[in-house]
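Number of protein chains: 2
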Amino acid sequence: MRRDNSRGKYALRVLGFAQSRQPKRMATQSNPLVDDDLVDFLLYSVLDAESLCKLGGYRQHSKQTFDLYIDSVRRFSRQDLLPTYKPMDEEPPVFRDGRIHTHPALPALYKQMIDLGVLTATRPESVGGQQMPMLIHTMASAYLMAANLSAYGYIGLTLGAGHLIEAFGSDEVKERFLARMYEGEWTGTMALTEPQAGSSLGDISTTATPTDDGHYLIKGSKIFISGADHAITVNVVNLTLARIKGAPEGTKGISLFAIPRLREEDGRLVPNDVTVAGMIHKIGWRGIPSLALEFGDEGDCRGWLVGEPNQGLRCMFQMMNEARIMIGVNGFATASAAYHEARLYALDRRQGRTPGRRDGEQVPIVEHADVRRMLLRQKAIVEGSLALLGTVSRYADLAAHGATAEDRERADLLLNLLTPVAKTFPAERGFESNVLSVQIHGGYGYTSEYLPEAYMRDQKLNTIHEGTNGIQSMDLLGRQVMSKGGAPLRALAEEIGHTVARAREAGCDPELCGALEEAVTRVGAITMELGQRGMTGDADGMLGHSWDYLDMFATLVIGWQWLNMAAAARTALISEARKRGTDAAAQYWIRTEIPRISLLASLCRSNEDSYIKAEADWF
Amino acid sequence: MRRDNSRGKYALRVLGFAQSRQPKRMATQSNPLVDDDLVDFLLYSVLDAESLCKLGGYRQHSKQTFDLYIDSVRRFSRQDLLPTYKPMDEEPPVFRDGRIHTHPALPALYKQMIDLGVLTATRPESVGGQQMPMLIHTMASAYLMAANLSAYGYIGLTLGAGHLIEAFGSDEVKERFLARMYEGEWTGTMALTEPQAGSSLGDISTTATPTDDGHYLIKGSKIFISGADHAITVNVVNLTLARIKGAPEGTKGISLFAIPRLREEDGRLVPNDVTVAGMIHKIGWRGIPSLALEFGDEGDCRGWLVGEPNQGLRCMFQMMNEARIMIGVNGFATASAAYHEARLYALDRRQGRTPGRRDGEQVPIVEHADVRRMLLRQKAIVEGSLALLGTVSRYADLAAHGATAEDRERADLLLNLLTPVAKTFPAERGFESNVLSVQIHGGYGYTSEYLPEAYMRDQKLNTIHEGTNGIQSMDLLGRQVMSKGGAPLRALAEEIGHTVARAREAGCDPELCGALEEAVTRVGAITMELGQRGMTGDADGMLGHSWDYLDMFATLVIGWQWLNMAAAARTALISEARKRGTDAAAQYWIRTEIPRISLLASLCRSNEDSYIKAEADWF
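Going down the list, the sequences are from chains A and B. For the record, in the first sequence the residue sitting at position 412 is 412 according to the numbering used here, with numbers rising by one throughout. For the record, in the second sequence the residue sitting at position 125 is 125 according to the numbering used here, with numbers rising by one throughout.
Treat the hints as calculated values from the structure; they're not laboratory data. It is possible that some hints are incorrect.
Where chains are identical, the list cannot tell them apart; a pair therefore holds if satisfied intra-copy or between any two copies.
Calculated lysine to any residue pairs in the SDA-like style (CA-CA distance at most 25 Å, straight line) [said to hold, decoys possible]:
| # | residue 1 | residue 2 |
| --- | --- | --- |
| 1 | Lys111 | Glu298 |
| 2 | Lys86 | His281 |
| 3 | Lys245 | Gln362 |
| 4 | Lys174 | Asn235 |
| 5 | Lys174 | Glu91 |
| 6 | Lys54 | Val270 |
| 7 | Lys613 | Ala400 |
| 8 | Lys579 | Gly467 |
| 9 | Lys86 | Ser448 |
| 10 | Lys63 | His281 |
| 11 | Lys484 | Thr209 |
| 12 | Lys63 | Pro107 |
| 13 | Lys86 | Gly284 |
| 14 | Lys219 | Gln60 |
| 15 | Lys219 | Thr404 |
| 16 | Lys613 | Pro595 |
| 17 | Lys54 | Glu185 |
| 18 | Lys111 | His498 |
| 19 | Lys579 | Lys613 |
| 20 | Lys219 | Asp203 |
| 21 | Lys219 | Leu82 |
| 22 | Lys613 | Gln362 |
| 23 | Lys613 | Asp213 |
| 24 | Lys174 | Leu269 |
| 25 | Lys219 | Gln351 |
| 26 | Lys613 | Leu573 |
The structure presented is a predicted model; accordingly, all values stated were derived computationally and were not measured.
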């Protein structure tokens, strides 16, 4: 019997395998993660990032400081983070002897990110931050997440937890936790979910009993807590929802606590009765552990109240927009990294011939129209997502620091309206884009020797966490578009109107401009109709097709982004290839997706009730 | 520091974890894999399986023999196959010392399937088979694949390889291989793909040099060869495409060979110079190895010609319909198993409350309209797929054994027309359905403790292998619908017309009947237009939207299946719940999906050329 010998190894090379199990691509170019010229185009030609520097909050900044920061982050992402992505996917954390053992590359990476200022980029100078616009933070995070979403995850969680303490914590709580978190000594988590409650936060049952020493005694179980234990820093602070004894039932009796894994006593860190009860075997984000936690097994788990009693959900929700936008950035980033894998593969991999030619060398598969269909769809989804995320982040900046109260209010309206789309579209369509990346790789895409399958696994979480996409659709239709007498939707229609005018002026295809204008009208009309149903108490008639409504709304919003990019591209200093690619993607989206709007509006209008009336035993 | 102790284990139980890593569901009911009453309904109320018993080829059969066979297969699938699915997913084959070491449960399972008659169910009695209709085989295979697609995979491959030898092999080749394969002593594979050729079979370069001893000497490399080595049976016969020295270039110079791993010499089995060069790390179908093979490293790999020289692709393509339908069955089965996981989870898992109610116990999530939306979409896709696969399988039976030449010809037309849909729809939409199953499971769906993520991984292969779905779309539009002056599409329109008439008579919703009628007209019209473009040499204009055409065509075909089921359900002896569920799914598909047809037809008509004209550097 023959053994696997050197010839076997040759075949492995042909396959693109390597003994190290490092991912392979046939192309020699490396994955840029995110296109630099796309980011520059969005920042300076589409979203006028420089204008933010005129606002009070960002006056210390300039194009130079923005570029310096983004440059350093993108270099770090490509050189240091990306090479650790696949190893972390393949060697997830281990739960042993009550502790979580994370990947050994993480402590150094975390420190590098702290040194780069990634954690506190958006935080005020008063707490050691750089007070960068969210817009810049979004672009920078996109590189980090595309390179290694788990490694960045520890930063994102710490930022979220720290921001809560910064916004709502008493001086004592800040003193106890904040500086250590922002300086990178301790990390943070968000501990919301409980096994029996899931998305239903009103049903959480973790309890908090007041003591005379300023802290509360906490008792309860949490699940799906990301990063609640690791070997990166010595301590972790869990921002936790719990009920103070005697609090009202439901969502109105929930308070927010900071619960460290180790607490300080007499200048030493001692265990705070926070136990890791189990580690969940996730299918993606495998560099960061998802844990089941027990608080107070031994009756001595101390938590410090953050904000007022019973105001925990309110505090949490005030941070929700930012958190949801960051999920959107993750959706974009994961799809972007996979898009570039597919693009580079399609440029390099030779197979078959174009129609009509039977002889000669095989052609790169990008020559096949069906492959270009998949690539252009990916491009439309990926770049459309980043444009939207940039737009929404800019609204966040204007909502915080706009020049006038009117500016701030308008930006806030648009921010709230668009956040559910910014969370769901990159996740939902991004997953579709990730699947196309696998498909373009053919049989190779079905192997773990190539990266697309890993990105596909990573992406799936984004439709689930921070409020499932179904829940977002109800938020959009049931809450956001209907709020303030329809003011948010009117503001959006005006913004889209500006874009259409700008596009017409710039000489964009009038058909595309007209299609978008018509789409706005349709969306406005169906929204009015649904709102009227809601006002007459017909909740099913209003919300029964909230999923279709979200799909329709997002399709419009992305069409707007593409027309806006196409208009800006006419005069921007960008390469001819980017110009033409932008035109093609705008045309693709507006001609193939925008027509779905009338169909989805009909569906929302139709009272199509098949699943609304369906009973459990019909399935 | 606390350790993970008994309380930790309690938390693990709460999570639905178990130390054995066996998958968990909260529901106590077990997964039926495929609904028995759906299968009965399709066989005896929709597709009139009994009528096949009047045909020459199936005269020995009756409802009793059909039911007996399906019953034994479904029992085996649930009791013996399903419990081995997760272990095989978690312990994939190992490549060591030149050999592949497969899961230890496989030899016994393979023998059980042989004993049940699964391998030769459809083969003629003359070669030891039961000569069952393909329709019955499809239903039986659906259970097997839903239970453990990898374990069944060895049967499927052996059947495909054996069938080729049965159809095209000389008596000597049959004598050498066939009985051993059909009796379960040896397995078979299909060895088509080469690293440099992929889907482009005309570019394969494995060579075959004739000898004076009746065999050829083979030299070359193959990749993605499933099941080419294992520990199930002693030997494997690889049905391999290769070029005889001096053969014409391209697809016309390819011949088919049987190349065993071990060959017989003087009554002993000796190595045949077939080497495993590498094992591909697939993301699904993990019970069956995908291998890189080297033939003739030492110049002594012998292959036996099957069929005439240079007719290899012709032989292969004659088996292609059956192979593609079986991919469709796999797509269905994988989606069906996942649908039932989601259904049982949704019935059992309590979370949140229905709108308007804030108090009281949490409700099973099936009470939430958005969950029912996902379940009904899954049902529409899953059951619609099985109806189509049954319909197409019945055409295969009629094409082979129809009473008159006219019957056979007509069935053959419909079989060829619908096969690309039967291959692609269950794979493409089945994947979407699998994703919904993950989504319904929420955070738990993102873990490997639950099954949906594994089914999602398994499903992805079906859009890639046996001709990617993109290639199928070109086959459908470029070849099938345009063949024989449009006769296949006319035949389909007649069939759909019969269904509409039957539905009207049965008292189905006239709106649904009208919508389907209109859709047929639309599809006919755009097909004519595209055909005319093709005839004037406008290949891009005709085929540029073949993907949208396939989508449109499949949407119509599944609408037809649903109306057909709804019509049959009116008079069938089925439960009230199935009746109402059938109505709801038919309504769902026809009211939410059929309207997409006019949109997709517009797109095919529009000359929308964004990706057609796109150049490589625009991405």
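Do the hints match the structure? See the list:
no., hint, result
1, Lys111 with Glu298, "neither (34 Å within a copy, 55 Å between copies)"
2, Lys86 with His281, "both (17 Å within a copy, 14 Å between copies)"
3, Lys245 with Gln362, "between (72 Å within a copy, 22 Å between copies)"
4, Lys174 with Asn235, "within (16 Å within a copy, 71 Å between copies)"
5, Lys174 with Glu91, "neither (36 Å within a copy, 49 Å between copies)"
6, Lys54 with Val270, "neither (48 Å within a copy, 82 Å between copies)"
7, Lys613 with Ala400, "neither (44 Å within a copy, 44 Å between copies)"
8, Lys579 with Gly467, "neither (36 Å within a copy, 35 Å between copies)"
9, Lys86 with Ser448, "both (10 Å within a copy, 19 Å between copies)"
10, Lys63 with His281, "neither (43 Å within a copy, 46 Å between copies)"
11, Lys484 with Thr209, "neither (39 Å within a copy, 81 Å between copies)"
12, Lys63 with Pro107, "neither (32 Å within a copy, 67 Å between copies)"
13, Lys86 with Gly284, "both (11 Å within a copy, 18 Å between copies)"
14, Lys219 with Gln60, "neither (46 Å within a copy, 70 Å between copies)"
15, Lys219 with Thr404, "neither (46 Å within a copy, 77 Å between copies)"
16, Lys613 with Pro595, "between (28 Å within a copy, 21 Å between copies)"
17, Lys54 with Glu185, "neither (34 Å within a copy, 80 Å between copies)"
18, Lys111 with His498, "neither (44 Å within a copy, 71 Å between copies)"
19, Lys579 with Lys613, "between (49 Å within a copy, 14 Å between copies)"
20, Lys219 with Asp203, "within (15 Å within a copy, 67 Å between copies)"
21, Lys219 with Leu82, "neither (40 Å within a copy, 40 Å between copies)"
22, Lys613 with Gln362, "between (54 Å within a copy, 20 Å between copies)"
23, Lys613 with Asp213, "neither (55 Å within a copy, 72 Å between copies)"
24, Lys174 with Leu269, "within (17 Å within a copy, 77 Å between copies)"
25, Lys219 with Gln351, "between (61 Å within a copy, 22 Å between copies)"
26, Lys613 with Leu573, "between (55 Å within a copy, 23 Å between copies)"
Consistency note: the structure conflicts with the earlier hints numbered 1, 5, 6, 7, 8, 10, 11, 12, 14, 15, 17, 18, 21 and 23.
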